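*Asks:* In case you want the letters, here they are:
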Amino acid sequence: MLSKSKIFFKGTVAVLPHMLSVIPFGIITGAIGVELGFDPILVYATSLIIFGGASQIIFMQLLSGGASSLIAITSVGVINSRHLLYGAVLSEYLEKLNFIKKLFISYFIVDQGFAESNKYIKQNKNLSNPHYYILGTGVTLWFCWQLSTISGIILGSFIPDELGLKFAIPLTFLAIIVNDLRKLDHVFVMLVSGFASLILFDAPFKSYIILSPIVALIAAFIMLRFKK
Amino acid sequence: MTWFSIIVSGIVTYFSRMAMVALIDRDMLGTKVKEVLNYVPAAVFPAIIFPGVFFNDFGSLVEITDPKIYGAMIALIVGFFSRSVIATILSGLSSYWFIVFVI
Numbered sequence: 001m002l003s004k005s006k007i008f009f010k011g012t013v014a015v016l017p018h019m020l021s022v023i024p025f026g027i028i029t030g031a032i033g034v035e036l037g038f039d040p041i042l043v044y045a046t047s048l049i050i051f052g053g054a055s056q057i058i059f060m061q062l063l064s065g066g067a068s069s070l071i072a073i074t075s076v077g078v079i080n081s082r083h084l085l086y087g088a089v090l091s092e093y094l095e096k097l098n099f100i101k102k103l104f105i106s107y108f109i110v111d112q113g114f115a116e117s118n119k120y121i122k123q124n125k126n127l128s129n130p131h132y133y134i135l136g137t138g139v140t141l142w143f144c145w146q147l148s149t150i151s152g153i154i155l156g157s158f159i160p161d162e163l164g165l166k167f168a169i170p171l172t173f174l175a176i177i178v179n180d181l182r183k184l185d186h187v188f189v190m191l192v193s194g195f196a197s198l199i200l201f202d203a204p205f206k207s208y209i210i211l212s213p214i215v216a217l218i219a220a221f222i223m224l225r226f227k228k
Numbered sequence: 001m002t003w004f005s006i007i008v009s010g011i012v013t014y015f016s017r018m019a020m021v022a023l024i025d026r027d028m029l030g031t032k033v034k035e036v037l038n039y040v041p042a043a044v045f046p047a048i049i050f051p052g053v054f055f056n057d058f059g060s061l062v063e064i065t066d067p068k069i070y071g072a073m074i075a076l077i078v079g080f081f082s083r084s085v086i087a088t089i090l091s092g093l094s095s096y097w098f099i100v101f102v103i
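Chains as they are written, first to last, in the numbering used here: chain A, 1 to 228; chain B, 1 to 103.
Check each hint, because a few of them may be wrong.
[Said to hold, decoys possible] Cross-link-like lysine-lysine pairs, in silico, DSSO-like; alpha carbons within 30 angstroms at most:
| # | chain 1 | residue 1 | chain 2 | residue 2 |
| --- | --- | --- | --- | --- |
| 1 | A | Lys183 | B | Lys32 |
| 2 | A | Lys122 | B | Lys34 |
| 3 | A | Lys166 | B | Lys34 |
| 4 | A | Lys125 | A | Lys102 |
| 5 | A | Lys119 | B | Lys32 |
| 6 | B | Lys32 | A | Lys227 |
| 7 | A | Lys125 | B | Lys32 |
| 8 | A | Lys6 | A | Lys102 |
| 9 | B | Lys34 | A | Lys101 |
| 10 | A | Lys228 | A | Lys119 |
| 11 | A | Lys166 | A | Lys119 |
| 12 | B | Lys32 | A | Lys166 |
| 13 | A | Lys96 | B | Lys32 |
| 14 | A | Lys119 | A | Lys101 |
| 15 | A | Lys96 | A | Lys119 |
| 16 | A | Lys227 | A | Lys183 |
| 17 | A | Lys122 | A | Lys10 |
| 18 | A | Lys122 | A | Lys6 |
| 19 | A | Lys10 | B | Lys32 |
| 20 | A | Lys183 | A | Lys4 |
| 21 | A | Lys102 | B | Lys32 |
| 22 | A | Lys4 | B | Lys32 |
| 23 | A | Lys228 | B | Lys32 |
| 24 | A | Lys102 | B | Lys34 |
| 25 | B | Lys34 | A | Lys227 |
| 26 | A | Lys227 | A | Lys96 |
| 27 | A | Lys96 | B | Lys34 |
| 28 | B | Lys34 | A | Lys228 |
| 29 | B | Lys34 | A | Lys125 |
Think of the hints as simulated: they come from the structure by calculation, not from any bench. Nothing here was measured: the structure is a model prediction, and the numbers come from that model.
With the sequences and hints as input, model every part of the structure.
*Replies:* Set out below in structure tokens:
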């Protein structure tokens, strides 16, 4: 039987390959925050308090573009709603924990950690303390994310405006969905969302950022009905 | 105001992580909802990518020869074949910079 620390360490090792994308992404998040004109302390606060790369960038981009707090907060909620899915899957492995431990471990549920934990725990059904694996992945990713956004914040203050680093925002998000480009159903939803955003771009209060995903999710729902 | 927004966003995000683990019975989320949630990344990110590529800073459509369009196309091709996050971002940025500063 594996000790708790060994299980934790296995989680740490499992997410190491993801650092290749997490670290540059963190650096870009920090640098873009500074580039958009935010105080370095505020940029870092998003990493600590929100702790979700894509949503942090969109949050800062929207606020710097003059969007209201309500729009910024709602977009963060829409983007991060995917965690509901992760939580629903992981809750099976966390059932035996007490409430406080559940509250603690929840903070560390992130995309890459979820993917690795789910894979490992499914393959090792009689693992005694699966939550240590989840913590191993989450805490490791958390530390790397904090350090890389701080590096990005420092770097960002040296990057000249003329470079047009803002273009890194769409490229970063393209990089996130690049793995789904081979799935036709996902590509369909992406195209609906993309064209909807172009059409709805002038809608008041920058609401295109919330309306387009809703249109795309409705399209996904209709598509699923036809697939069956 | 910014602090307030960050804290509320933090609470919303934490809730999305914690709700299914600690509060709600996971069976509350039907298979339909789970299937649709799978598409959240595909539904969210293009709404940032498309305007970021096709609109300029003033919110009007760029021309078809805009360096951003070339940069995005190269990033798309490199990303599709390499499936690498860094390669996608760097190829897009460097081709964009090459067109802006060299050509």
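*Asks:* Look at each hint and say if it fits the structure.
*Replies:* Hints and how they fare:
At roughly 19 angstroms between alpha-carbon atoms, A:Lys183 and B:Lys32 fall within 30 angstroms of each other, so this suggested pair holds. Only pairs whose Cα atoms come within 30 angstroms are accepted, and A:Lys122 paired with B:Lys34 is accepted, the gap being roughly 18 angstroms. The hinted pair formed by A:Lys166 and B:Lys34 fails the criterion: a straight-line CA distance of about 33 angstroms is larger than 30 angstroms. At most 30 angstroms may separate the alpha-carbon atoms for a hinted pair to count; A:Lys125 and A:Lys102 meet this at roughly 20 angstroms.
Distance check on the hinted pair: A:Lys119 and B:Lys32 sit about 22 angstroms apart at the alpha-carbon level, within 30 angstroms; holds. For a cut-off of 30 angstroms, the pair hint linking B:Lys32 to A:Lys227 stands: about 13 angstroms separates their Cα positions. Distance check on the hinted pair: A:Lys125 and B:Lys32 sit about 26 angstroms apart at the alpha-carbon level, within 30 angstroms; holds. About 21 angstroms separates the Cα atoms of A:Lys6 and A:Lys102, which keeps this hinted pair within 30 angstroms; it holds.
Restraint check for B:Lys34 and A:Lys101: the C-alpha separation of about 25 angstroms stays at or below 30 angstroms, so the hint holds. The straight-line distance between the Cα atoms of A:Lys228 and A:Lys119 is roughly 27 angstroms, inside the 30 angstroms bound, and the hint therefore holds. Among the hinted pairs, A:Lys166 with A:Lys119 is inconsistent with the structure: their alpha-carbon atoms are about 35 angstroms apart, more than 30 angstroms. For the proposed pair B:Lys32 and A:Lys166, the alpha carbon gap of about 37 angstroms is over 30 angstroms, so the pair is violated.
Using a Cα cut-off of 30 angstroms, the hinted pair A:Lys96 and B:Lys32 holds, with the two alpha carbons roughly 27 angstroms apart. Distance restraint check for A:Lys119 and A:Lys101: the Cα-Cα separation of roughly 22 angstroms lies within the 30 angstroms cut-off, and the hinted pair is therefore satisfied. Distance check on the hinted pair: A:Lys96 and A:Lys119 sit about 20 angstroms apart at the alpha-carbon level, within 30 angstroms; holds. Our distance criterion of 30 angstroms between C-alpha atoms is met by A:Lys227 and A:Lys183, whose separation comes to about 14 angstroms.
As the CA atoms of A:Lys122 and A:Lys10 are separated by approximately 15 angstroms, the hinted pair is consistent with the 30 angstroms bound. Using a Cα cut-off of 30 angstroms, the hinted pair A:Lys122 and A:Lys6 holds, with the two alpha carbons roughly 18 angstroms apart. As the CA atoms of A:Lys10 and B:Lys32 are separated by approximately 33 angstroms, the hinted pair breaks the 30 angstroms bound. A distance of roughly 38 angstroms separates the Cα atoms of A:Lys183 and A:Lys4; the hinted pair therefore is violated under the 30 angstroms criterion.
Distance restraint check for A:Lys102 and B:Lys32: the Cα-Cα separation of roughly 26 angstroms lies within the 30 angstroms cut-off, and the hinted pair is therefore satisfied. At roughly 36 angstroms between alpha-carbon atoms, A:Lys4 and B:Lys32 are farther apart than 30 angstroms, so this suggested pair is violated. Of the supplied pair hints, the one linking A:Lys228 and B:Lys32 holds, its CA atoms being roughly 12 angstroms apart against a limit of 30 angstroms. Straight-line distance between C-alpha atoms of A:Lys102 and B:Lys34 comes to about 21 angstroms, which keeps the hinted pair within the 30 angstroms bound.
In summary, the hint linking B:Lys34 to A:Lys227 is supported, as the alpha carbons are separated by about 16 angstroms, within the 30 angstroms threshold. Proximity of A:Lys227 to A:Lys96 is assessed by CA-CA distance (about 38 angstroms); at most 30 angstroms being required, the pair is judged violated. Taken as a hint, the A:Lys96 and B:Lys34 pair is honoured in the structure, with Cα atoms around 23 angstroms apart against an allowance of 30 angstroms. Restraint check: the Cα-Cα separation between B:Lys34 and A:Lys228 comes to about 16 angstroms, which is no more than 30 angstroms; the hinted pair holds.
Annotation: proposed proximity of B:Lys34 to A:Lys125 holds, straight-line Cα distance about 23 angstroms (limit 30 angstroms).
Checked against the numbered hints given earlier, the structure breaks hints 3, 11, 12, 19, 20, 22, 26 and satisfies all the rest.
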